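Asks: Same order as they appear, the protein sequences are chains A and B.
The numbers in the first sequence follow this note's numbering, run straight up by one, and end at 515.
The numbers in the second sequence follow this note's numbering, run straight up by one, and end at 277.
Honestly, the hints are just simulated from the structure, not real lab data.
Stretch by stretch, here's where chain B covers chain A in the computed footprint (C-beta under 8 Å, at least three residues):
| hint | stretch |
| --- | --- |
| 1 | 130 to 141 |
| 2 | 404 to 416 |
Quick list of in silico lysine to aspartate or glutamate cross-link-like pairs, DMTMM-like style, CA-CA up to 20 Å:
| hint | chain 1 | residue 1 | chain 2 | residue 2 |
| --- | --- | --- | --- | --- |
| 3 | B | K101 | A | E399 |
| 4 | B | K69 | B | D90 |
| 5 | B | K162 | A | E60 |
| 6 | A | K258 | B | D272 |
Note that the coordinates shown come from a computational prediction; the quantities given were computed from them, not determined experimentally.
Ideal Cβ positions, reconstructed from N, Cα and C, are used throughout, including at glycine.
Residue-level listing of the chains:
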Amino acid sequence: MESTDGNDAKSEQRLKSAAVLKSFMLKSSTESKLNLYDHLSRVLMKVMDEHPDNAVDVIEDVSREVKRGLFEDKQSTLRDLPQTTAAELLAEQQRLLFSRPEEADQEEELMDTPLPNVSEVAFYLEQAGVGLGREEMQRVFLALKQLVESQGLPRCRLWGKILGTESSYIVAEAEYREGEEEEESTEEAAEDEERDVEKEINPLPQSAYRPPPTVPKEALGTGANKFAFYVCKEPGLPWVKLPSVSPAQITGARQIRKFFTGTLDTPIVSYPPFPGNEANYLRAQIARISAGTQVSPQGFYQAGEEEGDEEDEAPRDSFEVNPDFEGVPVAEMAESLSTWVHHVQHILQQGCCTWVNLAVKPEDDSNEEGEGEEKEEEPDEPEPEVGPPLLTPLSQDAEMLNIPPWTSKMSSVLTSQHALAVLRSNLWPGAYSYASGKKFENIYVGWGLKYSGEGFSQAVPPLPQKEYPSGPEITEALDPSVEEEQVLKEALEEEQAAQEEKDDTDDPEEEDDDD
Amino acid sequence: MDSNSLFYSLELVAGSGNTLNVEKRTALQTSLVILKKNYKFHRVLFWGKILGLKEDYFIAQGRGEDEMKDKKTLYSFNCMDWMLLAPATDSVIEEVSKTAKGSFVGDPSYVYEHVEIHRPGGRDDAIQEEVVTKVNEESRLAVTVHQIDEEASVVPRGAYLKSPHGLVQINRSFGGLSHSEAGKLDNFLHFSKAKNLKKKSILEMGDLNPAIDFLDVLSDDIPKGSWSLQLECASRVLVLRSLLWPGLTFFHLPTTPQHGHIYIGDGRKNLDLPFMI
Numbered sequence: 001m002e003s004t005d006g007n008d009a010k011s012e013q014r015l016k017s018a019a020v021l022k023s024f025m026l027k028s029s030t031e032s033k034l035n036l037y038d039h040l041s042r043v044l045m046k047v048m049d050e051h052p053d054n055a056v057d058v059i060e061d062v063s064r065e066v067k068r069g070l071f072e073d074k075q076s077t078l079r080d081l082p083q084t085t086a087a088e089l090l091a092e093q094q095r096l097l098f099s100r101p102e103e104a105d106q107e108e109e110l111m112d113t114p115l116p117n118v119s120e121v122a123f124y125l126e127q128a129g130v131g132l133g134r135e136e137m138q139r140v141f142l143a144l145k146q147l148v149e150s151q152g153l154p155r156c157r158l159w160g161k162i163l164g165t166e167s168s169y170i171v172a173e174a175e176y177r178e179g180e181e182e183e184e185s186t187e188e189a190a191e192d193e194e195r196d197v198e199k200e201i202n203p204l205p206q207s208a209y210r211p212p213p214t215v216p217k218e219a220l221g222t223g224a225n226k227f228a229f230y231v232c233k234e235p236g237l238p239w240v241k242l243p244s245v246s247p248a249q250i251t252g253a254r255q256i257r258k259f260f261t262g263t264l265d266t267p268i269v270s271y272p273p274f275p276g277n278e279a280n281y282l283r284a285q286i287a288r289i290s291a292g293t294q295v296s297p298q299g300f301y302q303a304g305e306e307e308g309d310e311e312d313e314a315p316r317d318s319f320e321v322n323p324d325f326e327g328v329p330v331a332e333m334a335e336s337l338s339t340w341v342h343h344v345q346h347i348l349q350q351g352c353c354t355w356v357n358l359a360v361k362p363e364d365d366s367n368e369e370g371e372g373e374e375k376e377e378e379p380d381e382p383e384p385e386v387g388p389p390l391l392t393p394l395s396q397d398a399e400m401l402n403i404p405p406w407t408s409k410m411s412s413v414l415t416s417q418h419a420l421a422v423l424r425s426n427l428w429p430g431a432y433s434y435a436s437g438k439k440f441e442n443i444y445v446g447w448g449l450k451y452s453g454e455g456f457s458q459a460v461p462p463l464p465q466k467e468y469p470s471g472p473e474i475t476e477a478l479d480p481s482v483e484e485e486q487v488l489k490e491a492l493e494e495e496q497a498a499q500e501e502k503d504d505t506d507d508p509e510e511e512d513d514d515d
Numbered sequence: 001m002d003s004n005s006l007f008y009s010l011e012l013v014a015g016s017g018n019t020l021n022v023e024k025r026t027a028l029q030t031s032l033v034i035l036k037k038n039y040k041f042h043r044v045l046f047w048g049k050i051l052g053l054k055e056d057y058f059i060a061q062g063r064g065e066d067e068m069k070d071k072k073t074l075y076s077f078n079c080m081d082w083m084l085l086a087p088a089t090d091s092v093i094e095e096v097s098k099t100a101k102g103s104f105v106g107d108p109s110y111v112y113e114h115v116e117i118h119r120p121g122g123r124d125d126a127i128q129e130e131v132v133t134k135v136n137e138e139s140r141l142a143v144t145v146h147q148i149d150e151e152a153s154v155v156p157r158g159a160y161l162k163s164p165h166g167l168v169q170i171n172r173s174f175g176g177l178s179h180s181e182a183g184k185l186d187n188f189l190h191f192s193k194a195k196n197l198k199k200k201s202i203l204e205m206g207d208l209n210p211a212i213d214f215l216d217v218l219s220d221d222i223p224k225g226s227w228s229l230q231l232e233c234a235s236r237v238l239v240l241r242s243l244l245w246p247g248l249t250f251f252h253l254p255t256t257p258q259h260g261h262i263y264i265g266d267g268r269k270n271l272d273l274p275f276m277i
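Please model the complete structure; the sequences and the hints are all you need to start from.
Replies: Set out below in structure tokens:
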């Protein structure tokens, strides 16, 4: 009897603790209004229905799915407004790329288009292992077509892509339209007027400091400003024209090392301070990269006919396509660097392509100084800087930083009869060129920075100016005290008295003479 | 990136400038399958390409049971014949970091030398010992791959699970990050042994799930701004580029489980990063 009672008591105890546990599980959570009992029963029902493999391993995921399922049901009265993703916004803008203008005549299409054969270029670039991917290249080329139509450019090609930290730039190189002039002259005139007005109101003392003469910007269509560059962030978005580059900006860009952010008006915070914002820095780097890495097979371009003697100091900057170019066999192009030549002028140390003599004095200096300083000028005459002339073969490129400047190879070893010769620059990582028979192209896809070798060390600020050398004329001395002054005064008076006595003795002798 | 997804993922990372041409792609697809069979890997990844002055190295990586620990790296010149790289031990890493400078040459037997002059026993002694450390390019390659994996391999949050035994495996029910989640750097993790986990406050740890958040977050990297997050391919693909190892690109298609990373570059760390940001 007792044992059954004991058993009953135990089972009652168990039932009681089960009831306690069940009531605990039925307690709804303060946060989600669910309770554990209902949730577990739903989870087990789902497992019964679905019979997943290895149920014990995925049980947590099943539990989460159940919870998520409940949650959505409760919110069905309010529907989420679908948020437009970035992709949708961009797709709207890129739709325009695919629209064909209705007035397109048949005749126009048969003429020489300003763009190169875009699909062919994309195909060759892919063979070379460079490029942006097939679809992206197609979009970029459609955007280039849009640029050419909107700006009316005589010729245009894809220069490349410069990656940035927040977004990237797609860069197009174009020839200037005829008759295009600098647009910044009006801005400068407005500034001058403002300054003049201020001077009339408050004549400030003029400082005698004259800043050292700056090298002037090269004219549009020559030197580093030979081509105009347009950038855009994504194909389909509007193209922005980059300002022309000045030599000061090129020398500044040589001294700093910065990533691009993707917005053209970000200031460049650096030491030495860069004269301009990101648009100018971008343009300067594009100019440097073009000067260093735009190459073509030798013989494709030949020197222009206007060239005079070869002793001319001014480097020739004109060239034209050689109609008799036959094409160099690909294997030869991949092996030797002398079959490639640069076709963009080298940028000198000064920052421009033709050397400017800064030592010539401007004419508004006063004539008095002119004569005296002419004699000083001769020993200071700076030596003209000379760079390699246009169309020099790559085999003459200097080896910098212990690496060969170029690496060349064939694009395919298995089918070498149809392969391309691919040239990769080691000084500007990201610059590639390919050539196959008569076709060639250059492209740059990269961060826009030069190979820096061991590491970049920032320019050191100049030493502080020395103070004026101390000498007796500027050393401070203590003011004499009253006693010292008295002593000095008495001494002076004694001297004066002695001097007067001497004069007195002299005078009567003279008076006697007169008598 | 996984060899199964090679045929479409290369287009997604091509925004960084480098892709593979069709010949190499087909060669890779064939040889990686053979590699997987021979070495009995669970997964084979095409890790990337290291550009050298004369030749380029193609690198593949095989993963075993544990995704983080069972890794084997192989290299090849023509995407067909693969050679195994020795795993990088600490002593080799030290030697390589002292010796190897400049770009990769492209020849695995090329030897880098570094001569250090020691004066044991004080400066007055005339005894000079020259300590010459020699390292060949193959070890440099192994160390570079190891370092890039340690510092720059990225996975989205939730893609890998850590089982209670410590095994790291792919999460079969990873559905991809949503569009808004994908825009934040917090949702991307380093795929290497976590160093910052213990430094988190208890408040932060409360929101995390220990099965998923066992790795370091990218936004904790110093210097801040060493990752560039962008949308590519008509804003459909999220691309992360490392500024510390330029050439490493990670891609992810939001709301799909597709992700991967690839390194195509010259294998040099960008130590000038603090000047450049």
